[in-house]
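Asks: Those sequence lines, one after another, are chains G and H. Per this note's numbering, the first sequence runs over residues 1 to 288. Per this note's numbering, the second sequence runs over residues 1 to 93.
FYI, nobody ran anything at the bench for these hints, they're computed from the structure. Quick caveat: nothing in here was measured; it's all calculated off a predicted structure. A portion of the hints provided could be inaccurate.
Heads up, incomplete: computed chain G residues facing chain H, CB under 8 Å, no partners named [said to hold, decoys possible]:
id	residue
1	Asn52
2	Ala224
3	Glu225
4	Val227
5	Ala232
6	Ala252
No residue lacks a Cβ here, since even glycine has one placed at the ideal position from N, Cα and C.
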Amino acid sequence: MSALSIEFAGCRYRFAGLNPEQADFVRSRFEALLCRDDARPDVQVDVHYSPNPAGFMRRPVGPVEYRAAVEHSEESIAVAGIGFTARVERAPLRAQMQTCLSDEWFLGAFENLFRVVASYRLFGEGALVLHSAAFTDGTRGFLFCGRSGAGKSTLCGLAAELELGILSDELNAVTPSDGSFELRAMPFAGDFGGAPRPHPPYPLTGLLGLSHSAAPLVHGCSKAEGVSRIVASCPYINADSLLVDELTTRAAMLVDRVPLRVLSFAKDTRFWSVLDHEYRSPDATLSR
Amino acid sequence: MSTEAPTQRYRVDSHARFRVMDDEGIFVLQDAGEVLVVNEVGAFIVEQLKAERSLDEVVTGITERYAVEAERARSDTTALLDDLLRAGAITRS
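With the rest of the complex left out, here is chain G (with noise of 0.2 Å):
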């Protein structure tokens, strides 16, 4: 058995008991973001393999898109999909998890937890995980919230035309950083896939919503849809009674400092100049 630490956003996940099998998924997949020193982890997980896939969700055949079942109580969280179960505990944060699988499935298994943990993870230092794309012209951050079917991997894909650079197409993390707001990388992708690599923070300058139009167009919206726009796009927290209210005051102190937007658009690059125009000066996160 090997155990792996994988680092990202400031914060170290060490995961223990993997298989060879599993371990070699993890390090190709994770591999730029793979740690070379035996530091502290912040949160550590533990991989139970047992071969027997009694008791586990059945794999389907063939390809297959599907969200892992969570479920919260006042101490843990469960989550359970194809081929695992698993319980974070919430204080020390840290992860039990029980998986029949070895192969190429095992990485979905992997991926689907990994995506819980480090959101409560990140939400624990402060740190809103949404739901979203994001890209950056190499100095500003741009952050697009909405579920699927927004447009999120379709914008990044104009984006990526542009040559502008992706962070993710399915999670990106705000975090709070001396008054104003960082927008920050996170390891999993949609549809707009690619290996994981490590991405500095950048300053968040836009924070919008996506709606398709023939032209391009950027335009406000009441706190209360920002509000809710940023709260809908928080998965896991915003369906964790314990925590949903600490995520709205959040989120309304987030749209306090960086308005929420909706961006219009077409699939087409026209986009940009719209938004490069819109967030030039550098207080325009500041105005409407």
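Given chain G's structure and the hints, the job is docking chain H onto it.
Replies: Quick look at chain H alone, frame taken from chain G:
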């Protein structure tokens, strides 16, 4: 058309949270991880429900606060309450 009794009372569902922000209101529906926004009048109505006012009392409160006829206030209020009931944001007391 709603047939709610004038004395009917409601409360925010135990799986929902409600908060007012800049006059508008936000419901967070925890089970679904979804969020609803209600406008200023909607936020006023929900605050009245939280104060345990009956449907009739809520309608009276609206006519006193806003320039609107009682009949219109009642139909708009019951329509909103129907929507919130369906969404699981509120329940009947």
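Asks: Run every hint past the structure and note whether it holds.
Replies: Now for the hints, and whether the structure bears them out:
1. Contact between G:Asn52 and chain H, as hinted, is not supported at the beta carbon level, the nearest pair being about 33 Å apart and thus beyond 8 Å.
2. Residue-level restraint check for G:Ala224 holds (minimum Cβ-Cβ distance to chain H is 3 Å; threshold 8 Å).
3. The restraint placing G:Glu225 at the interface with chain H holds, with a minimum CB-CB distance near 5 Å, inside the 8 Å limit.
4. A least Cβ separation of about 6 Å between G:Val227 and chain H falls short of the 8 Å threshold, and the interface hint therefore holds.
5. For the restraint placing G:Ala232 at the interface with chain H, the shortest Cβ-Cβ distance is roughly 4 Å, inside the 8 Å limit, so the hint holds.
6. The beta carbon of G:Ala252 is positioned within 8 Å of a beta carbon in chain H (closest approach about 6 Å), and the interface hint is therefore held.
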